[in-house]
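J.: Residue strings, one per chain:
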Amino acid sequence: MAEFELVKFIAMLISIISFVNFPIIFKKRKDFIKYLPGLFSLILVLTFSSLDDLVLSDFFSLLEIIFLLVGAILLIIAVFNEYKALISENQAVRKKKPNQEYSGED
Amino acid sequence: MLEFFMNSIAICLFIVGIFITIIIFVKKNSATSLFLISLMISCLFYSLGNLFDDSLKWRDADDFVNVFTIVLATILLLIGIVVMVEQKLKDSEEMFRHLFEDAPYSVILFDQNGLINNCNFATENLFIKKKEDFIGKYIFEIFEFHNLSILLKNKLELMETNDFKEPIEFNFLRKDGSKVWLNLQLSSFKIYNGIFIQAIFRNITQQKRIEILEKEEMRKLKALDKMRAELIRRTSHEFKTPLNSIFSTSQYLLTNYKDHLNNDILKLIEIINRGGLRLTNLTKNLLDSFNLETDKLKLEKKKGDIIRLIKECASDFIVSIRNREIFLKQDFTGEIYIDMDRNRVAQVILNLISNAIKNTPPKGLIYISVQLENNYVDIIIKDTGIGLTKEEKGKLFKKFGKIERENIGMNIITEGSGLGLYISKKIIELHNGQILVESEGRNKGCTFIVRMPINSSDKN
Chain Z
19 MAEFELVKFI
29 AMLISIISFV
39 NFPIIFKKRK
49 DFIKYLPGLF
59 SLILVLTFSS
69 LDDLVLSDFF
79 SLLEIIFLLV
89 GAILLIIAVF
99 NEYKALISEN
109 QAVRKKKPNQ
119 EYSGED
Chain A
7 MLEFFMNSIA
17 ICLFIVGIFI
27 TIIIFVKKNS
37 ATSLFLISLM
47 ISCLFYSLGN
57 LFDDSLKWRD
67 ADDFVNVFTI
77 VLATILLLIG
87 IVVMVEQKLK
97 DSEEMFRHLF
107 EDAPYSVILF
117 DQNGLINNCN
127 FATENLFIKK
137 KEDFIGKYIF
147 EIFEFHNLSI
157 LLKNKLELME
167 TNDFKEPIEF
177 NFLRKDGSKV
187 WLNLQLSSFK
197 IYNGIFIQAI
207 FRNITQQKRI
217 EILEKEEMRK
227 LKALDKMRAE
237 LIRRTSHEFK
247 TPLNSIFSTS
257 QYLLTNYKDH
267 LNNDILKLIE
277 IINRGGLRLT
287 NLTKNLLDSF
297 NLETDKLKLE
307 KKKGDIIRLI
317 KECASDFIVS
327 IRNREIFLKQ
337 DFTGEIYIDM
347 DRNRVAQVIL
357 NLISNAIKNT
367 PPKGLIYISV
377 QLENNYVDII
387 IKDTGIGLTK
397 EEKGKLFKKF
407 GKIERENIGM
417 NIITEGSGLG
427 LYISKKIIEL
437 HNGQILVESE
447 GRNKGCTFIV
457 RMPINSSDKN
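Chains Z and A, in that order, are what the protein sequence lines are. Numbering-wise (the working numbering), the first sequence opens with residue 19 and increments by one. Numbering-wise (the working numbering), the second sequence opens with residue 7 and increments by one.
Keep in mind that the hints are not guaranteed to be accurate.
Here are the simulated DSSO-like pairs of lysine-lysine, each with C-alpha atoms no more than 27 Å apart in a straight line [to be verified]: (1) A:Lys404 / Z:Lys48; (2) A:Lys94 / Z:Lys46; (3) Z:Lys45 / A:Lys34.
Bear in mind the hints are in silico, worked out from the structure with no lab data behind them.
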């Protein structure tokens with residue numbers, strides 16, 4: 019049991035480091051901000067997962083599953099948005115190409 | 007039941023997420039997409055672990071959940087790092103892409119076989135072709151009719167030596183019919199095992215036009231200079247005969263009829279004589295200067311005694327030295343034989359002694375000495391005259407580099423054409439020698455050293 023708690027504790031620590039890092043990193047990558055809520059939810063999942071072994075097991079266990087679902091939804095939204103943007107970008111390039119006229123000026 | 011339901015939904019969502027991220031990865035091919043796939047897979051297994059643990063009460067599910075807890079946490083941490091690294095790479099790529107695309111010169115990249123891989127925006131402008139017309143084609147196709155052999159030769163040499171080559175300049179006919187002058191610089195670089203060649207083209211049409219104009223102007227200037235020199239030569243030549251008549255007649259009158267003429271007439275004839283002499287010297291100098299410029303002055307070198315020559319030259323000035331009340335000291339003995347054109351060397355020595363007399367005020371001293379070194383002889387003509395400033399030394403040996411000293415307030419003679427030292431220097435240089443000048447400044451006298459080579463058969 020103690021071994022499992024240690025693993026979860028390590029996971030929680032790593033999650034906290036990620037939690038601190040994310041705002042700094044994603045400040046530069048505006049295109050990845052859409053993943054930020056989903057990733058935060060997953061960090062919370064890991065935090066609640068390590069807490070439910072210590073106190074209020076049922077409560078934190080429920081929170082863990084709720085945030086896992088929320089995280090899944092948020093990540094899916096983000097991934098779907100990116101997919102949509104990628105598709106529309108490709109279509110825009112394909113449409114633009116035949117209309118490009120070359121001026122040929124020096 | 008609720009937990010089971012929520013876990014099941016999460017699992018379904020993660021499965022869909024995995025598929026979408028795989029598509030994104032295929033399209034974008036980025037490291038972050040790959041990590042998103044890993045994140046989705048970890049989340050899926052984490053949810054599965056939870057499902058088995060909480061709802062289905064599977065015995066080993068706890069271990070499963072624990073493993074994926076740590077995997078998930080690690081991926082979360084790594085995603086941040088990967089995003090950061092990818093951004094740095096993107097920034098770097100962007101910078102180099104701008105460097106390449108926005109370069110003011112046309113840059114074409116091709117492989118060892120001449121297959122073009124990339125070109126920048128300036129290339130499109132320079133060759134009036136689209137980027138697509140370059141990429142995937144061979145470089146020889148672009149320059150099919152334009153110095154292909156030179157380009158190919160350079161390319162091959164480049165492959166052998168893997169070194170930068172001298173730039174090539176060539177004329178190129180563009181798509182619109184306009185001709186441009188191009189400067190091509192090739193360089194190579196290695197990526198993995200492949201060698202790539204970078205061809206940088208610069209439009210130098212404007213520069214070429216200026217060069218052609220410069221050449222044309224130079225040609226015109228040379229023609230003008232030739233005309234000028236010819237004019238001087240012909241004028242001097244035409245002047246020579248009547249001037250000789252004036253000078254020799256006045257000389258004859260002064261020599262033979264001096265006692266028969268009254269003072270006024272005698273003074274007038276003396277003026278004519280002096281003017282005639284000056285003009286005769288000037289025309290001689292002009293002709294010499296022309297001959298020196300056009301390499302028409304040929305030396306008639308013979309072995310001769312330089313000491314004897316200096317003595318003869320110095321003796322020619324006995325009267326003028328006495329008239330100007332100058333002291334002349336000569337410090338040389340013996341004989342030194344050198345190869346020389348006697349008349350021309352005499353012209354130089356006479357010119358230097360004459361200058362020393364003119365620029366030394368009465369009661370001054372002119373000291374002539376000869377020093378023999380290993381391979382040369384120094385003829386030193388030193389005076390206690392008005393000396394030379396630094397600026398005067400600079401223009402001393404230049405053509406018409408006459409130093410104006412009219413208002414200097416000393417009893418010196420300022421007449422002269424400004425050609426004497428120029429001609430003297432050229433004559434001595436034709437003898438493989440040199441003329442040196444030393445002076446500490448105004449009123450400190452000056453020393454001229456004529457340094458001439460001697461051969462092994464010299465005797466003293």
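J.: Confirm or reject each hint.
T.: To see whether the hints hold, each was checked on the structure:
Of the supplied pair hints, the one linking Lys404 (chain A) and Lys48 (chain Z) is violated, its CA atoms being roughly 74 Å apart against a limit of 27 Å. Note on Lys94 (chain A) and Lys46 (chain Z): the hinted pairing holds, with a Cα-Cα distance of about 10 Å set against a maximum of 27 Å. Among the hinted pairs, Lys45 (chain Z) with Lys34 (chain A) is consistent with the structure: their alpha-carbon atoms are about 21 Å apart, no more than 27 Å.
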